[in-house]
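Trainee: Residue numbers (our numbering), protein chains in the order written: chain A, 1 to 180; chain B, 1 to 324.
Simulated from the structure, these hints should not be mistaken for lab results.
On a predicted model such as this, the values are computed, not experimentally measured, just so you know.
Among these hints, one or two may not hold up.
Below 30 Å or equal to it, Euclidean Cα-Cα: the simulated DSSO-like pairs (lysine-lysine) are [unchecked claim]:
no., chain 1, residue 1, chain 2, residue 2
1, B, Lys215, A, Lys31
2, B, Lys30, B, Lys94
3, A, Lys31, B, Lys229
4, A, Lys120, B, Lys200
5, B, Lys200, A, Lys110
6, B, Lys3, B, Lys105
7, B, Lys258, B, Lys314
8, A, Lys124, B, Lys158
9, B, Lys215, A, Lys163
10, A, Lys120, A, Lys70
11, B, Lys229, A, Lys163
12, A, Lys33, B, Lys229
Residues per chain, in single letters:
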Amino acid sequence: MELWIIPVIIVAVFILIFIIMYNNLLSKRNKVKRSVSGVGVYLKQRFDLIPNLVEICNKYSNYEKEILEKIVKLRSEYVPEEDKDFEKANEINSEMNKIIGIAEEYPELKASEQYLNLQKSLEKIESQIQAARRAYNIDVTEYNTSIESVPTNIIAKLFKFEKANLFEATSEERENIKIK
Amino acid sequence: MGKKPETSFENFYDKFDQTEFEEPWKRTIKSKNRAMKISLIISGVLNTIETFFFTKDFIDLAENSIFQFMLCLLLICFNTDIFVIFFSYIFRSKKNDVKYSEMYKRSLIGGMLNNFYSDVNYQPFSGISKNIYDSGLYREYYNKYYSDDFAEMMFKEKYSVRLAEVYTAFEDTNIDSDGHTHTTIATKFYGLFAQIFLTKSIGCNLRIRQNQLFKQYNEIEMDYAEFEKMFDVDTDDRIKAMQILTHDVMEELINFKKNTNCNYDVFIKGNILYIRLHTGQIFESVINKKEVIHKNTAHRYFNILKFLYNLSDKILTITEDDNI
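With the rest of the complex left out, here is chain B (with noise of 0.2 Å):
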């Protein structure tokens, strides 16, 4: 049923065409040196006028102390630094850097997503409606959402799937006595949100997350040592629990885990399988000068992808069964 995709990620980068990245990646390279070179000069000029304006003051401080003349140096080479990193930032053409991420996020992601699923719409500047996110029950509080990279599409032409980066976080600003403003803001949630309709209901709700300090209400312990180590399960049908969560489905939970040290939790509320894994950022392109298209993250990000889809795939599977 549907194509198969391609699971090994150096075939997939083999076989994806570079060529069309080179010029935009050439330009924000080029981009990138004339800004450093810019701020160079800049910075340079600067601490000379600084190292004249006080030259007077470097000869006594040398004659005084050692110490104190060593520590101005290093002061004015610090301030060279933030110089630099300022003008670089300064001078860096953004309009490149667009035209890349525009690039690597239509081209790589959408290949991947296109290499997993089918009928892809994937949308790079959109976001997941907060609505859809809130349907996942995660009962956190938050203020501040914020989402982008939606794509919507079909998983073995069969299955319904939506999914984007989100992020949620609480903000929290109080006034003190000396009527200082102070603002807090800890992030909630931050990473690749999926959701999957499944064709049947399982009849039951089922929660798979990352150890909780407290014990939930309806939490059932699971016969895999490892997994009972790293993850919690909540559900109110034990025997149904039971019958998803084999040894292969657990182990492939306990294998992502290890291999990616990335938290996440799966929910499975009647017919909707709710995945969500804490990457932080994803999807966003990192400029290389070594590399056109910088290999570890695009194979991070292929990994992240290839594990919702493993994941699915077991899980649909065994929901789908008529046993279930």
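Chain A extracted, bound-state conformation (with noise of 0.2 Å):
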């Protein structure tokens, strides 16, 4: 056997791990999108809902217009793909619940079969959205954890593969849970 034939099985074995790794990363990443992406369709589905909350509030009640005037403009402004980092969600999601808020003073307004309804709807996209947030962050753990370990981190180096934001609860969330 030709003894050059060495060195360029263990430099293809490298690059076959290499790219092996490679891959993985990328999958990783793309898990992480996948579920970026869930987390956006829930949000959408309950941003969508915030026209029959105006509705109805505007039927019942005397609101405050500006909030009402808020929620609806930042509710046009959202794109769920451009907002990969929830903020401007965070955003919408607090206003919504300053509605739902002062809702709760209205008994008239609770009491209505097309509040309760909203209030079902909402119910459900809450709990999934809960859900998919738990497994966005189980993405990101994972992809995370291999972008720091060895050796992957030099991959993930070379071909600048950063490090994904973890969803965390904004701090009226964890206000609510200290209530409970």
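Fit chain to chain and form the complex, with the hints in mind.
Mentor: Set out below in structure tokens:
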């Protein structure tokens, strides 16, 4: 056997390992992207209920116009694909929660069938959003661990794989938990 | 909704009336003792004959080597033990055991089932149909099936529940080159099988089982490190699986595994929940000389039923929620 074959085999094995590790990182990054879009879909579903919410609130109560206008404006500005950091989504969520909070003070509004249906839909979507966020965090943790571990961290640096952000509960959500 | 079950075994055991058990228990113990006495006498006689028969050889042995003499004595003692076990088994009345066992199942196990469920129809000597067991899609190849302790009842007066002890095994017979037949039996499942009907479908399949050697196609990761170490989850709808497997449910699964070290699997297929607990033999009576009802065994059965109750309660509460 020719001696030059040995270094060639070694190099080929290294290249193969390199390709496997790169593909592994890529698939994990894609998984994170898929999870982001999963959360985005549920957020969009939630925000699609805003016109309904605004309509019901206008019908039954003398809501502060400012809040309603602000939320409608935020909703029109929200593009799920561009809001991967969920910042805008969090802002809309917080405004929505404000409106729902005020609604609790109007017994007539609370008792209306339209509002009850809307509340049910909101609860369902909220539960799905929470599940999707948990799934997203699992994927991000897995991806970030790969980026930081040896030797995949070398490939991650070479090909500029960046760490993804974990979803963290907003201060409002944390406060809600405390109250409970 | 429905009655609230007694979840403390101590309270359940204290309230349980054991007086009806005393008579059959005494008879069983008496029969056991009598059998032991007879077998001791018989084995003693046999042993004496045996010693007498070999007296000359014994004296020779003792003269030659003390080691060989001791070995012979040991062999005779060993023989005596075998006689005792053999005769105590032969002379023991099975009638009393069966009576006690029947009472144990109908009264104690039936009582436990009635504590957790309503409309209980418990048939200790009937089994669950093989087709029902197979509907849990366990993908285990078996050719031996046995089942008893079948019970049909209602959970919270709303959900229909069926459970039974099930044993499945694969029996393989080979003939070697010398013409000898060898049979090997590999147990696939031995324990408690439960089937619970939900009032609505969750619209997907979800299976939770002990860590498998190979990764499943639809396997998902969970955000609970301890749970991940112990279980594998596979599903065709990750979000629904996440909604059902809340931290509370995962904790219940971990705690039972930790406390009992009993393997089990949970499978939700549309509107049916299947739970399998690899407990081995279950709901069988253990006759103890000190206690009318063997407390530890009863405690074990109670804990298994309690876990089944708590787990189904948690899963059903979540799956019946409009949010799923």
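Trainee: For each hint, tell me whether it holds in the structure or not.
Mentor: Hints, one by one, checked against the model:
1. Simply put, Lys215 (chain B) and Lys31 (chain A) have alpha-carbon atoms about 17 Å apart, close enough for the 30 Å limit, and the pair holds.
2. At most 30 Å may separate the alpha-carbon atoms for a hinted pair to count; Lys30 (chain B) and Lys94 (chain B) meet this at roughly 12 Å.
3. For the proposed pair Lys31 (chain A) and Lys229 (chain B), the alpha carbon gap of about 22 Å is at most 30 Å, so the pair holds.
4. For the given pair, Lys120 (chain A) sits about 17 Å from Lys200 (chain B) by alpha-carbon distance, which is consistent with the 30 Å threshold.
5. Between the alpha carbons of Lys200 (chain B) and Lys110 (chain A) the distance comes to roughly 28 Å, so the proposed pair stays at or under 30 Å and holds.
6. With a CA separation close to 22 Å, the supplied pair Lys3 (chain B) and Lys105 (chain B) stays within the 30 Å bound.
7. At roughly 18 Å between alpha-carbon atoms, Lys258 (chain B) and Lys314 (chain B) fall within 30 Å of each other, so this suggested pair holds.
8. Of the pairs offered as hints, the one joining Lys124 (chain A) and Lys158 (chain B) holds, with about 23 Å between alpha carbons and a cut-off of 30 Å not exceeded.
9. Using a Cα cut-off of 30 Å, the hinted pair Lys215 (chain B) and Lys163 (chain A) holds, with the two alpha carbons roughly 26 Å apart.
10. Annotation: proposed proximity of Lys120 (chain A) to Lys70 (chain A) holds, straight-line Cα distance about 24 Å (limit 30 Å).
11. Distance check on the hinted pair: Lys229 (chain B) and Lys163 (chain A) sit about 25 Å apart at the alpha-carbon level, within 30 Å; holds.
12. About 26 Å separates the Cα atoms of Lys33 (chain A) and Lys229 (chain B), which keeps this hinted pair within 30 Å; it holds.
In summary, this structure violates none of the numbered hints.
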